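K.L.:
Sequence:
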Amino acid sequence: MTIEMTKPQAPVEQQALASLEKLLGAPIPDDYKRFVMLQNGGWSHDYRMTYQDSHFTTPQTLSIYRWLPVGRLRKQTGIPGVEEVLDHMSDVVPPMMFPFAADDSGDPILLALSPLENGSVYFLNSQAPPTKSMSRLADSFTDFINGLTLERRRS
1 MTIEMTKPQA PVEQQALASL EKLLGAPIPD DYKRFVMLQN GGWSHDYRMT YQDSHFTTPQ
61 TLSIYRWLPV GRLRKQTGIP GVEEVLDHMS DVVPPMMFPF AADDSGDPIL LALSPLENGS
121 VYFLNSQAPP TKSMSRLADS FTDFINGLTL ERRRS
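The opening position of the sequence shown corresponds to residue 1 in the numbering used here, with each subsequent residue numbered one higher.
It is possible that some hints are incorrect.
Heads up, simulated SDA-like pairs for lysine to any residue below, C-alpha to C-alpha not over 25 Å straight-line [claimed, not checked]:
id, residue 1, residue 2
1, 22, 94
2, 33, 135
3, 7, 151
4, 22, 10
5, 7, 25
6, 33, 148
Label-pair ranges, simulated between beta-carbon atoms [claimed, not checked]:
id, residue 1, residue 2, range
7, 60, 11, 29 to 37 Å
8, 104, 143, 16 to 24 Å
9, 72, 37, 12 to 20 Å
10, 143, 46, 16 to 24 Å
11, 146, 96, 19 to 27 Å
12, 136, 30, 14 to 22 Å
13, 114, 4, 27 to 35 Å
By construction, these hints were calculated from the structure, which means they are not laboratory data.
Model, not experiment: these values are computed from the prediction.
Here a beta-carbon is modelled for each residue, glycine too, at the ideal position from N, C-alpha and C.
Throw the hints in and build the complete structure from the sequences for me.
P.N.:
As structure tokens, this is what we get:
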């Protein structure tokens with residue numbers, strides 16, 4: 001699936017992916033690599049995901065606002081890169097996870113890297129109590145992308 005973005009960034013280069021893997025200390029899932037090699041970040045306001053979370057009685061809706069590019073690109077693009085967001089949020093992002101997108105509140109959407117999680121996608125809700133802040137959204141990056149719906153905002 002191609003994501004419609006405003007201010008899309010140039011595709012990531014292999015060297016930047018290798019640097020990110022070195023920083024994270026783990027390989028990045030191939031489906032995510034393929035995505036950023038085509039679309040390396042930008043703004044999107046029209047993609048939503050509805051998910052069921054055991055912490056809540058009703059389905060939750062998540063709006064994807066920003067896709068983080070790989071690289072330290074804030075000065076050039078105005079969009080903070082994965083590495084910059086990790087620097088800023090290192091105290092809240094769990095080990096073996098990294099942010100690749102954010103919702104409209106700025107809360108991160110994370111990709112898990114541990115062998116047991118194998119590329120699962122999580123949402124870290126800063127508005128929720130700590131025991132309810134992590135929600136699993138998908139088993140893989142591909143499943144996450146395929147679970148998004150495009151809902152045009154009315155002007």
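K.L.:
Against which earlier hints does the structure fall short, listed by number upward?
P.N.:
5
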